[in-house]
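> Read off the chains here:
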Amino acid sequence: MQDTPTTPMIEVDNLTKYYGDFPAVENLSFTVNKGEILGFLGPNAAGKTTTMRVLTGFMPPTSGSVKIAGFDVVDQSLEVRRHIGYLPETVPLYTEMNVTEYLDFMGQLRGMDKQWRRRRISDVIGICRLEEYRSSFIGKLSKGFRQRVGIAQAILHEPEVLIMDEPTIGIDPIQVVETRNLIKGFGGEHTVILSTHILPEVSMVCERVIIIHEGQVVAIDRPDNLAERLRGTERIEVDIRGPAAQVMSALRDIPGVQEVTRTDREDVGIYNIETTSGADLREQISNLVHERGWGLLRLQPIQMSLEEIFLRLTVTEPGTV
Amino acid sequence: MKNTLVIAWKETRTYFVSPMAYIVMAVYAALAAYYFVTSISGVLPEATIRGYILPTTFIFTLLSPIITMRLLAEEQKLGTLELLMTSPVRDYEIVMGKFLASMTSLISLLVPTAYLAIVLVWFASPDMGPMLSGYLGIIFFGMATLSVGLFASSLSGNQIVAAVVAMGILLLLSIIDLATSYVGSIFTEIFLQISITTHLESFARGVIDTHDMVFYLIFTTFMLFLTVRSLESRRWR
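Note that the protein sequences, when read in sequence, are chains A and B.
Just so we're aligned, residue 2 is where the first sequence starts under my numbering, counting upward by one.
Just so we're aligned, residue 12 is where the second sequence starts under my numbering, counting upward by one.
Incorrect hints may appear among the rest.
As the list claims (entries may be wrong) - Derived DSS-like pairs: lysine-lysine, alpha-carbon spacing no greater than 27 angstroms straight-line:
1. B/Lys13 - A/Lys115
2. A/Lys185 - A/Lys68
3. A/Lys144 - B/Lys88
4. B/Lys88 - B/Lys13
5. B/Lys88 - A/Lys141
6. A/Lys185 - A/Lys144
Stated by the list, open to error - Just so you have them, the derived chain B footprint on chain A, three or more residues with Cβ under 8 angstroms:
7. 58 to 68
8. 93 to 106
9. 109 to 122
The hints are simulated quantities; they were obtained by calculation from the structure and are not laboratory data.
Note that the Cβ used here is the ideal one computed from N, Cα and C, for glycine as well.
In isolation and in its complexed conformation, chain B is listed as follows (with noise of 0.2 angstroms):
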């Protein structure tokens, strides 16, 4: 436990101190901005978060990349991975500890967009329970982008393909259940589940599904679980 909290802390510093880190919350302040204002600018406007909880789907499909694409990418090209696996360091807490910094990485994106929200109490009367579940959905969605973001940085030294494989694959789950009207039965239901969008949607509307919350954990673990079986073939190669 020790090991992951000096490895995160590590990551965090290093992420805080390059200028990705501000980019990044930039780019995603202004895109909740921009659909938070539209959403509540219509002739009957609604005084919800939901114009922005919704998108966050498909933004964070490409900013989690981009956040965890060096975690593990840049071990391998630096050679330091060869120090981190010659410490006295068990390979899931090399994980672990990766893991952690970019969920925090993740959580400063949203720091900005609490203005928003403020914003939103200021001016009318929002029902205060669907904007923390909202909060609290993309914060699980979050997590389960990175841990696929941090499992295609383990893959190689390189982190563009890490970045492009991981967005390759958040982008098919997240459209796997437009396909559910040209399969049958069961596969429909199976698309349905492991779209890692439709599980947001009850979040967004207030409702906090413990269904939803295990699947986001269930689905984090197995990437997880993957990327340190990934870190540990680099033993056998």
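Chain A with its partners taken away, still in its complex shape (with noise of 0.2 angstroms):
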């Protein structure tokens, strides 16, 4: 095989995933490059832990193909589990064993020999840093030590694919940033695939994000570009004294603003003016204010934090982007 910076390394096609009559999952399509970072963004419940399972083969698709690898996870499932690294969102350790026992275990279930696996326990053991903690019982670790066992086993047989599912969920906001730069070193030599509700992560993580909401793919992009194309439609605050129902209008006629709303403070409204793309248009509103001989008291642009795109484009207007 190629090893291109371009070879894509995760196909998925169509895929669809129906839970008796509900569908989790619908119409997915993208691929991943090698080497590449992806963030699968989306309120809980959108389909990411649905699509990582069918990812690893744990569960079918009930249509579309996914391929991993060049392996389809259906005909091929034994080959792709052979080629991905999982971290689940339960991460999934046996309590009963001890760190280094516990790894040795999921090396020899991947078919790995004695030799590689020593040499693998000792590199995953310095990377998670988990040196002090290589004869613990893991039943006795805390829960940000156990998700750098999880992580240590989803890299232990160097996986081309690794598919995180909420890899930073419920530890510390130390483990937190420690985890997330583990995560971004990967990118280059694994293709990461990995699942979060939190935005910030994604810009810091990811070279590419999809936003997903109940199902559907509502966006995918670079995190700015995302940003960059959200921001396309601005928004300005302004305060105004003078008659409600007439600057209501006034603003809307206004060429390029797309809405207007009003939120009431005694004889002040304040007006949430939405514009299209790059229209500046804060000298018209001042103007139109002046003339109208109502009175100005604040004009104020407005970014959209990511957060606010998130809820924008799963909340207010999905399938609009």
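Both chains are sitting in their own frames, so use the hints and assemble them into the complex.
In structure tokens form, the structure reads like this:
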């Protein structure tokens, strides 16, 4: 196989998964190239875990196809499983084993020979900084360290594809930062898919983001592009003293204004104006207010945070992007 | 095959580092010794180990589910089943590995009872044939009970449920021959044949009947097949 940077490692084509009549994922298509880190973003129950379970061969898709490293997840399930490292949402650990025993067992299951296991176990213990805990019982480790053991097993067999379901959930902030850096370091060598519902994580770690909502893709792009594209609709907040109805209609008449909403504060209305991309309407608004003899008390352009973009994509207007 | 052994070895190790192994062993050893002593203390004692071979059916009905209950239920509860099922391991290899481990556990129960057999050989001159066939019978019988236990363990993530379900099935299958007098003709034969205890009697007498061995083998294979199916169904749910 050619290891050029653009080799597709994960190819998902029209993936659909139903639980009974309930569609968990519908017509999901995307590709991930070798060495890329892809973030899978969505609210709870958006279909992230389902997608990952299909990708790992844990569940077959209802329709559509998934190829990992060129192997089909249904027809060549065992081959696929050899090429992936998987960290499920609940970190799967045998609490009665110690860290080294556990890693050794996982290595054996993946068909690693003794020398390879010995070398890799000491490697991953170093990478995940578990040196002091190599012979601790997993049951006695704290959540953060268990997470690291989970990551250690996922990368143990040097898989080409790493699939991690909410890798930073439930661990303390310092460990979250460490874990993110760890994952970031996997890019280039491994192809990584991670799911999360924490937005800053995506912009920190991932090169590309898929936003998924109710089983459907809402957007696929680079985090900065996504922000850029969504900043397409810009917002201006103005406080105007004047007759509400007239102000509203006058603002709506300005070309480039998409929507106006009003929050009352006694005689002063706070108007939230959404404009089309790139249109800077501050001057027009101030001129308008001036012409009509109303009072302009505040005028402020507002940038959308990733949270808002996420909310807009998943809540207010799914499918428009 | 290699994967099966890896899993079997891991389970065996886990079993023997837990106190459960020794508790179950002690319980069986004590009960077997009690049955043995009472059976050879009569007026005309017979130098056999039948005294504890036959009651073993009942003891295993209770102990086998204890041995098997955690094997698959715990994997489901901890989420490690997802890890096993996404490793390059086939479903039947998982089931066979677990089953082999449970066989090792069961055979370990018999080890302390060798003492009883040795006592018998030391102080009397027992017929060796029935002794060996008796043990062989228990192993075949145990195999069948473990397969039921493993199947029950695959059903849910709850170990207690697994144990109770397995004990229920095993008790029913042990006493189903009692119902023969209430049912007519063909059912009498069916009930006698599917009773898992009736097949042990000839072993205890010293008769190794292929018909009984085949029964236990088919029964076990069938239950293990159901277990694999039950695991597989998790993928489709």
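> Against each hint, give a clear statement of whether it holds in the structure.
How the hints compare with the structure:
Note on B/Lys13 and A/Lys115: the hinted pairing holds, with a Cα-Cα distance of about 13 angstroms set against a maximum of 27 angstroms. A C-alpha spacing of about 24 angstroms is found between A/Lys185 and A/Lys68, which places the hinted pair at or below 27 angstroms, so the restraint holds. Between A/Lys144 and B/Lys88, the direct Cα distance comes to roughly 17 angstroms. Compliance with the 27 angstroms bound is thereby established for this hinted pair. At roughly 26 angstroms between alpha-carbon atoms, B/Lys88 and B/Lys13 fall within 27 angstroms of each other, so this suggested pair holds.
Distance hint between B/Lys88 and A/Lys141 is fulfilled; the C-alpha atoms sit about 18 angstroms from each other, no more than 27 angstroms. Under the criterion of a C-alpha separation no larger than 27 angstroms, the hint pairing A/Lys185 with A/Lys144 is consistent with the structure, at around 21 angstroms. Counting residues of the region 58 to 68 of chain A whose CB falls under 8 angstroms from any CB of chain B gives 4; the rule of at least 3 is met. Counting residues of the region 93 to 106 of chain A whose C-beta sits closer than 8 angstroms to any C-beta of chain B gives 7, which meets the bar of three, so the coverage hint holds.
Residues of the region 109 to 122 of chain A lying with their CB closer than 8 angstroms to a CB of chain B number 4, which satisfies the three-residue condition for coverage.
Violated hints are absent here; each numbered hint is respected by the structure.
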